[in-house]
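Asks: Based on the hints, put chain B in the right spot on chain A.
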Amino acid sequence: MRNPLKPLVEKFGLPRVIIVSFFLFLIAAAGMFHMNLMQLLSDCLRRWGMYGILALAMVPAVQCGIGLNFGISMGIVGGLLGGLIVIQFRVAEMPSLVAVHPLFAMWVAVLLAIVIGVVLATGIGYLYGLLLNRVKGSEMTVTTYVGFSIIAFMNMMWMLLPFTDGELIWPNAGKGLRNTISLAASFSNVMNKTLAFTVAGVTVPTGLLLFFFLMCFLVWLFMRSKTGMAMGAAGANPMFATAAGINVNKMRIIGTVLSTVLAAVGILVYAQGFGFIQLYNGPMMMGFTSVAAVLIGGASPKKARITHVLIGTFLFQGIMALGLPVANQFIPESNLSEVARLIISNGIIIYALSQVKGGSGRE
Amino acid sequence: MEKEKETYVLKMDNIAKEYYGNRVLKGVNLHIRPGEIHALMGENGAGKSTLMNILFGMPVIHTTGGYEGTIEVNGNAVNIDTPLKAMELGIGMVHQEFMLIPGFSVTENIKVGREKSVPNLASRVFGPSMESLDFKAMRKDARKALKTIGLQIEEYVKVAGLPVGYMQFIEIARELDKTGIQILVFDEPTAVLTESEAERLLEAMRVISSQGIAIIFITHRLDEVMAVADSMTILRDGEFVARKEIKDTNVVEIAELMIGRKMEKLVDDAGEDSRSIDESQIAVSLRDYKVNMPGEQVKGIDLDIRKGEIFGIGGLAGQGKLGIPNGIMGLYKAQGQVKINGEVLNLTKLGDALDHKVAFVSEDRRGVGLLLDESIEQNIIFSAMQTNGKFLKKIGWMRLYDGAAGKSHAEEMVKTLDIRCTGIKQPAGALSGGNQQKVCLARALTLEPDILFVSEPTRGIDIGAKKLVLEYLAKLNREQGMTVIIVSSELMELRSVADRIGIISDGKLACILKPDDSDADFGLAMSGAWKGGRKDA
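Each protein sequence line maps, in turn, to chains A and B.
Quick note: the first sequence uses my numbering, first residue 1, plus one each step.
Quick note: the second sequence uses my numbering, first residue 364, plus one each step.
The set of hints was computed from the structure by calculation and includes no laboratory data.
All the pointers check out, no bait thrown in.
With a Cα cut of at most 25 Å, we get these calculated SDA-like pairs of lysine to any residue: (1) Lys770/B / Met223/A; (2) Lys788/B / Cys216/A; (3) Lys757/B / Cys216/A.
Here are a few chain A residues that sit away from chain B, every Cβ distance over 10 Å (derived from the structure): (4) Val20; (5) Val119; (6) Gly174; (7) Leu195; (8) Asn335; (9) Val339.
Beta carbons: idealized from backbone N, C-alpha and C, even for Gly.
So here's chain B without its partners, still in its complex pose:
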């Protein structure tokens, strides 16, 4: 360190933010030195995106009551209230979803909004908006920016049809081309890239930082952090955990810091465990299983889930864990072999999983899980009626809905699951998140499944309901021997109910852990350190 007193290009101190009374950031600090690569790490929901939204003065922050804390750029306190202000201060962002115009050439995409122009006759009459574009100068700028990051591409080709990796580089080139850029934010830039593309991106990041531009690198991948970052900040549940220099730390420590010691049991395990799980009895068997679910790609998984166990499937968002049940249920295209209790499932036949007594509670409650305008009763009985032909009565040649049977069943379910409602005729959309989840669960249970997939069972529901849902799942498993597979981003809940936990990373099974394995193991598995199988770290 040349200077004793460190200078920071960006200092965010005690940043706090509330969304509708829900505190998502609780006094977070972020300090960035000029020209360093600073990794910002944390699980999903740790507050990384919110922090970046604050840095960019996004409208979503200011329409929900602003933030607390101070931001200094180059030692001067600033108030960033619009994205334009952030741009003027030299803060740029490389988005995860590319913000490029496909029909425009590379040059045009880089220079859009900041075109160079020369006056002509029309502009003298009608004003500067009529000036002609100086393509020559613009090409030169584009070329220079592309050269900086080492992308070999003709600046006049159209963006449409370029490989994903190239688009990412064009996006970076656009940010670099902005004069006076000081801080560049990369939001999970490698998530969509192939390994070799990612390699090149990291190389480009080093080049950029060597030119004095600081980089904030948001990622889940520990190996990348170790490879390029100089320092890092770790967030957890909206709290500031630590700021570390990379050279002073190691992978295991980082993983531990990310997961954190928060092992208070979510479930009171009162009922004794009298199950005997037979290793040879396989309920669900996956071989080279692939699912094409946008944003949650499954890229070849081999997995055996034993009969009668609670199996947890964990991993970070976007890694493919949600694709597993969605593919089995036929909601997205799936390939490979899936066996349910030894019988091969026909993945192309809609509803085949249901016929094999597999039920599914979707993570997308409002989108997939419920008919929001229909009554609770309708929502509960629907699947069982369609699949098993229950709640129907025959009149002549017609099979009509048996209102009485449906009503009594729905009322019973409302009672068992303690669904808080004004009555079974209330529309499901009017219920709270937790009660909606119970309705989804009730529908799945009405199918009387052998195997129950529950996806993100506690997303968006309060802590009390969370506990109830998890305990009920455990009870189903203990008392009825139902095989329960819980897919969740919340490690804590998996670790409190599941017997075994498979961690999915980059569409593949990283490893299968026990709930009481160390935090470091979980952290490493989730951060892609064990891509495609466990290696001893």
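So that you can see chain A by itself, here it is in the shape it has in the complex:
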């Protein structure tokens, strides 16, 4: 007998079916344990906005043909530097800005950090793109290791860079930057708090979500522009693009730069929501969680859409948000949630990569 559900499952994708069921199961379990569902849901929304832009960074990378960009840490360090510079100069505490409104000063700080991050990420992304054009066919392996390498390199730089502010360096006149830097005095939660409201116990971080959606909209607009469409064609079929007179390598660099820039923006949005900047090995696995998120959303190494980002990040982060408290109810004082995170993010990556069909053989 044929299973009537089979075509449906195939269309939706087995991993998505499992993840959605798991998500629903977690909600049900949370309900059974009489946990505060509303608070958990608020947490889901918060994490959605925080991680969304990092996952969005995958869209231009996949569309331009370099595949899943495990090396978004390249952009992340740009964003981190932007954040550090803003803290160093205490932009959020400038009297002239605070005089207007404290929240305004924080917005100026975070936007300035983003601008600096974008500028740095553009340069890094360009060089990164040049590298990726030389390793066609094995981009995903290369991005993974480049991502790890930049973290290792920056581990040294964080010790050496000439930051002097007391918020940044190790206490008691130590040398080098701290592991975790509090943003309480600069732009902690600036987006989350803006226009936030609470409905039936669910807190909606309006500013954060609006900023996330704005980024999605900008990427969507770009993908409909002449360059964006040329980039999409270059990624989908390089020979086709060449035949239409498009410089495929240039398009790949544009995509890589965009992806890197989005990662820089993404990490700052993440940091402000988290309230801390994490240096050293903090952002090491960011690439993996972002890749896993878009893949859960339905993307593949050949195709990624904004909807994949929206759905994927929500599901993935939803499970993360619900997973820990629920797991703690099952087995108190365990780190089951961390285990689940690893299983889900790495498992989904393996699944997606196993679905990749062999290369086209040309180009």
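Replies: Using the frame of chain A, we list chain B on its own:
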């Protein structure tokens, strides 16, 4: 003939084969006597490869339902269902793409899989797979095989870096080294060789056959056949045409048999021809034009294509005809001078041909021609949007895709070309071959070109769609005065629409023929009898 009743080392009778309902072989016979060189000839797609796949028991045959007919080796009916069986029966193959391991020495390549070995301590404990190799004996064998074909080379050098011709000889030596080899198949062995190398190969073939080994020689080159073969079998469209002794026939007859009388017109030429083609108005001019396209090398062509004509470019696969448009469009590296309507084209600048109003429909529909996952609409408007900036609207500083304009244009194209689809949002990959071709054509036409290159317009599409595509090309030419250049392996379609047909052989222009020139002329031109220019045969 010593014996009245001829003995055959190989007899294949009434061989038929179907691939997914498509009959590619329709009752073919192939009879080979011991120690003869037998040429197997036919155009591309005549069924030569399929016949050889059957002879070797290739899995592709048996996974698609096997074959019909009988095969006898030395008078005994055999059933060859695996390549191993063919090897045991003494049938060997010299491949067109060399199957050699570059990092191995000549000896190792010759003996790989059939190594000689001697027992040692480890093998006594762990079994024969641990025996040491007897390099001395193996070298001796290799030397002997190399000597047979007259190749002067040290048997210990590595294969990597050897000239192509040598590799071919090593491949032959490997086959000869197999004991009990009776039949050796050469699949277009001279295609990759230089003239002097080819000469030596033919010499080696004579030596091999004089030792009693029969050779099946697959080639397109008539001169080679006349030079070495004893007899030949000609196939055409999967049908058996004739088996001839070389001494009873001549080049012209063979050429005619290969091309065949199949001049039913593909196109109903209803519209009267009111064009006036001016000899001095040149649309495309090529001078010493070379293209480095793997497998389709163009090696220096001088050609003038007049404005407003339909020019056909024909020739066998691998001779370089496909390289011509691909080089002009910048898909492969090209050299030489190309003038479009008198203006020199910058071959290093990507998209320069498009800027000169040249459009191209690629032979590789799925690889180059289409974005398979994108909609029909996207596929149709894409090139025009990128090249001419059409279907864009300005919002602020941004130029965004104008969905409405694109949609209406795509819908119009779908209607004009009768593209069968569920709607313009259907992915192009889901269409049938013929409809995909129409989408490619629609995209090229959206560019509003002066000159249209169409490469293999009817490959893999059914006869109805074929006719429609060709008629549409003719209509474009008649009504809009577009210069249409059709590159095709199918002579019949070129001869039904083109005004003139250039035949490309071995990367050079063999000659320019009229559609109503004789079959023999076409056959001779395609088979390399007029290399680099027409000589009176």
